[in-house]
Amino acid sequence: MSSRDQLRYDVLVVGGGPAGLAAAVRAAESGMRVAIADDNFKLGGQIWRAAVDGENAEAAPWVKRLQRANVTVLCGLRIFDQPYNGLLLAESLDDVCELRYEKLVVTTGARERFLPFPGWTLANVFGAGGLQAMVKSGLPIHGKRVVVAGTGPLLLAVAAYLRRHGAEILLICEQASASALARFAVTLMQQPEKLTQALQLRKELAGVALSTSTWPLAAHGNHVLESVTISKRERSQTLGCDYLACGFHLVPNTELAALLGCKIDGGFVQVDEHQQTSVPGVFSSGEPTGIGGVELSLVEGEIAGLMAAGKSDVARRLFSKRARARRLAKALERAFRLRPELTTLPSGDTLVCRCEDVPFSRLRTYGSWRAAKLQTRCGMGACQGRVCGPATEFLFNWKPESVRPPISPVRLASLATIVGASESVHSGLSGGH
Amino acid sequence: MPRVVSVVINGSVVEVAEGATVAVAVSLAQQSCRTSVTGEPRGPLCGMGICFECRMTINGKPYSRSCQIVCEPGMDVRTDEQ
Numbered sequence: 027m028s029s030r031d032q033l034r035y036d037v038l039v040v041g042g043g044p045a046g047l048a049a050a051v052r053a054a055e056s057g058m059r060v061a062i063a064d065d066n067f068k069l070g071g072q073i074w075r076a077a078v079d080g081e082n083a084e085a086a087p088w089v090k091r092l093q094r095a096n097v098t099v100l101c102g103l104r105i106f107d108q109p110y111n112g113l114l115l116a117e118s119l120d121d122v123c124e125l126r127y128e129k130l131v132v133t134t135g136a137r138e139r140f141l142p143f144p145g146w147t148l149a150n151v152f153g154a155g156g157l158q159a160m161v162k163s164g165l166p167i168h169g170k171r172v173v174v175a176g177t178g179p180l181l182l183a184v185a186a187y188l189r190r191h192g193a194e195i196l197l198i199c200e201q202a203s204a205s206a207l208a209r210f211a212v213t214l215m216q217q218p219e220k221l222t223q224a225l226q227l228r229k230e231l232a233g234v235a236l237s238t239s240t241w242p243l244a245a246h247g248n249h250v251l252e253s254v255t256i257s258k259r260e261r262s263q264t265l266g267c268d269y270l271a272c273g274f275h276l277v278p279n280t281e282l283a284a285l286l287g288c289k290i291d292g293g294f295v296q297v298d299e300h301q302q303t304s305v306p307g308v309f310s311s312g313e314p315t316g317i318g319g320v321e322l323s324l325v326e327g328e329i330a331g332l333m334a335a336g337k338s339d340v341a342r343r344l345f346s347k348r349a350r351a352r353r354l355a356k357a358l359e360r361a362f363r364l365r366p367e368l369t370t371l372p373s374g375d376t377l378v379c380r381c382e383d384v385p386f387s388r389l390r391t392y393g394s395w396r397a398a399k400l401q402t403r404c405g406m407g408a409c410q411g412r413v414c415g416p417a418t419e420f421l422f423n424w425k426p427e428s429v430r431p432p433i434s435p436v437r438l439a440s441l442a443t444i445v446g447a448s449e450s451v452h453s454g455l456s457g458g459h
Numbered sequence: 021m022p023r024v025v026s027v028v029i030n031g032s033v034v035e036v037a038e039g040a041t042v043a044v045a046v047s048l049a050q051q052s053c054r055t056s057v058t059g060e061p062r063g064p065l066c067g068m069g070i071c072f073e074c075r076m077t078i079n080g081k082p083y084s085r086s087c088q089i090v091c092e093p094g095m096d097v098r099t100d101e102q
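Chains G and W, in that order, give the protein sequences. When the letters of the first sequence are read in order and numbered with the working numbering, they come out as residues 27 to 459. When the letters of the second sequence are read in order and numbered with the working numbering, they come out as residues 21 to 102.
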């Protein structure tokens with residue numbers, strides 16, 4: 027077994043996006059010994075990825091405060107188990123470490139929802155945020171033809187980002203209707219900072235076609251994407267392209283919260299007005315508690331950080347700001363609800379589970395996620411159902427099951443530490459969850 | 021010019037800009053990341069360590085998520101994983 031570091035903190039924040047940064051900053055500025063852990067090699071989360079080095083005006087002040095407050099930064103750490111309350115096990119590239127905490131803030135963010143359609147497993151079909159992440163990680167996009175498709179405000183942000191880096195955006199396909207978008211715009215107008223962002227995006231995307239009530243029907247190519255056929259207001263059209271960036275809004279990452287025993291309802295971690303989960307001492311903020319974007323994540327993170335430091339009086343002053351940001355979250359949910367036609371996208375041989383290559387035709391005969399898993403191995407592969415789970419929930423209305431450790435695939439040597447840690451539990455401490 | 025880093029992908033030397041992830045290097049080398057259980061070549065999907073489509077053996081470590089690992093000089097990358 028590899029050597030293990032033992033690290034102990036007053037407040038441990040898991041997830042280095044906006045919510046996590048805000049929580050860590052507020053807790054550390056209140057005098058707590060704080061660490062922030064993330065599985066990526068840099069802080070910032072997906073939205074501020076590669077922007078934490080000072081290029082992003084929104085991220086910069088938080089990063090500066092984080093450094094000034096002496097927060098310990100633990101990047102490249104993937105948490106996979108909690109043997110007992112107050113101890114998390116995490117795996118790095120070459121080691122395992124034990125993270126001990128008094129208070130925990132779960133800010134694990136969200137991932138994209140992917141929906142299967144014929145050809146979606148071809149190379150160069152990415153998530154919308156997925157292609158953006160690749161470009162932020164060095165993929166040259168200059169002069170490439172890109173179709174952006176799916177739903178949600180992320181599509182516009184991604185299209186604008188790719189265009190800034192020289193991509194030719196052929197079309198933005200938004201499944202929501204024009205009227206749904208118009209209603210969403212009305213909500214935006216009530217929030218000046220959001221409206222400014224929207225207008226800026228519009229300026230950056232001048233000349234780029236956005237088509238509502240439009241979605242991908244099939245991607246074509248011989249192992250690598252060559253073109254995509256879309257349904258555009260009930261007519262189909264095929265566009266030759268180099269990349270398809272396709273994501274259907276976001277789903278929260280609730281695996282860690284679920285592992286800790288936090289109550290999850292309707293897919294989201296349940297929190298009270300103090301961002302406190304159903305488990306004492308465990309807080310959650312940002313997308314796991316409801317998809318609401320950066321502003322909501324930041325203010326929820328601040329409240330959680332302050333509460334973890336016992337500063338409820340200061341936290342209270344942020345409640346009205348949070349209430350305002352939550353209105354946007356509600357509007358997002360209404361505007362970008364998936365239309366039922368999207369359940370008909372997969373054909374019989376379209377793979378739904380990409381890890382185990384389980385086609386749609388094998389799944390549709392089952393009545394539950396559990397039955398399908400047992401009979402077809404759907405959701406039993408490396409991603410542990412993180413991709414096909416949200417898809418089958420939408421396609422078949424299957425509900426996800428409880429999570430079990432390890433919550434991400436780990437090396438055998440790391441698994442052995444679960445046994446080691448459990449053995450070190452003194453009698454009287456809770457050994458389960 | 022940005023500085024470049026050389027990595028070895030399936031035995032061939034590939035140069036990428038400093039800071040690029042292994043997933044990007046493999047994509048630039050026009051290779052797939054892995055082969056699926058039914059034999060399909062696959063590339064990255066989520067770009068953020070969730071989907072595992074970009075997994076490969078890096079410096080002898082199987083199941084490495086190449087979208088979350090930055091290229092380092094001389095890195096040995098193999099894309100023959102299932």
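Careful, some of the hints might be misleading.
Pairs of lysine-lysine, DSS-like flavour, derived with a Cα cap of 27 Å [stated by the list, open to error]:
hint, chain 1, residue 1, chain 2, residue 2
1, G, K229, G, K289
2, G, K90, W, K81
3, G, K289, G, K162
4, G, K90, G, K337
5, G, K258, G, K229
6, G, K68, W, K81
Have a look at the derived ranges for each label pair, beta carbon to beta carbon [said to hold, decoys possible]:
hint, chain 1, residue 1, chain 2, residue 2, range
7, W, V33, G, A83, 33 to 41 Å
8, G, L227, W, V33, 37 to 45 Å
9, W, P82, G, G293, 26 to 34 Å
Where chain G lies over chain W, by a calculated footprint (3+ residues, C-beta under 8 Å) [said to hold, decoys possible]:
hint, segment
10, 55-66
11, 86-98
Hints listed in this document are in silico derivations from the structure and should not be mistaken for laboratory results. None of the values given here were measured: they were computed from a predicted structure. Beta carbons: idealized from backbone N, C-alpha and C, even for Gly.
The hints, checked one at a time:
For a cut-off of 27 Å, the pair hint linking K229(G) to K289(G) is broken: about 42 Å separates their Cα positions. The straight-line distance between the Cα atoms of K90(G) and K81(W) is roughly 35 Å, outside the 27 Å bound, and the hint therefore fails. Annotation: proposed proximity of K289(G) to K162(G) is violated, straight-line Cα distance about 35 Å (limit 27 Å). A threshold of 27 Å between alpha carbons decides the hint, and for K90(G) with K337(G) the separation of about 22 Å falls inside it, so the pair holds.
Using a Cα cut-off of 27 Å, the hinted pair K258(G) and K229(G) holds, with the two alpha carbons roughly 24 Å apart. Our distance criterion of 27 Å between C-alpha atoms is met by K68(G) and K81(W), whose separation comes to about 21 Å. At roughly 39 Å, the beta carbons of V33(W) and A83(G) sit within the given window of 33 to 41 Å. For the pair L227(G) and V33(W), the supplied restraint of 37 to 45 Å holds, since their beta-carbon distance comes to about 41 Å.
Our hint of 26 to 34 Å for P82(W) and G293(G) holds, since their Cβ atoms are close to 32 Å apart. With 10 residues carrying a beta carbon less than 8 Å from a beta carbon of chain G, the segment 55-66 of chain W meets the three-residue requirement, and the given coverage holds. Judged by the Cβ-Cβ criterion of 8 Å, the segment 86-98 of chain W is covered by chain G as claimed, because 4 of its residues qualify and three suffice.
Checked against the numbered hints listed earlier, the structure breaks hints 1, 2, 3; every other hint is satisfied.
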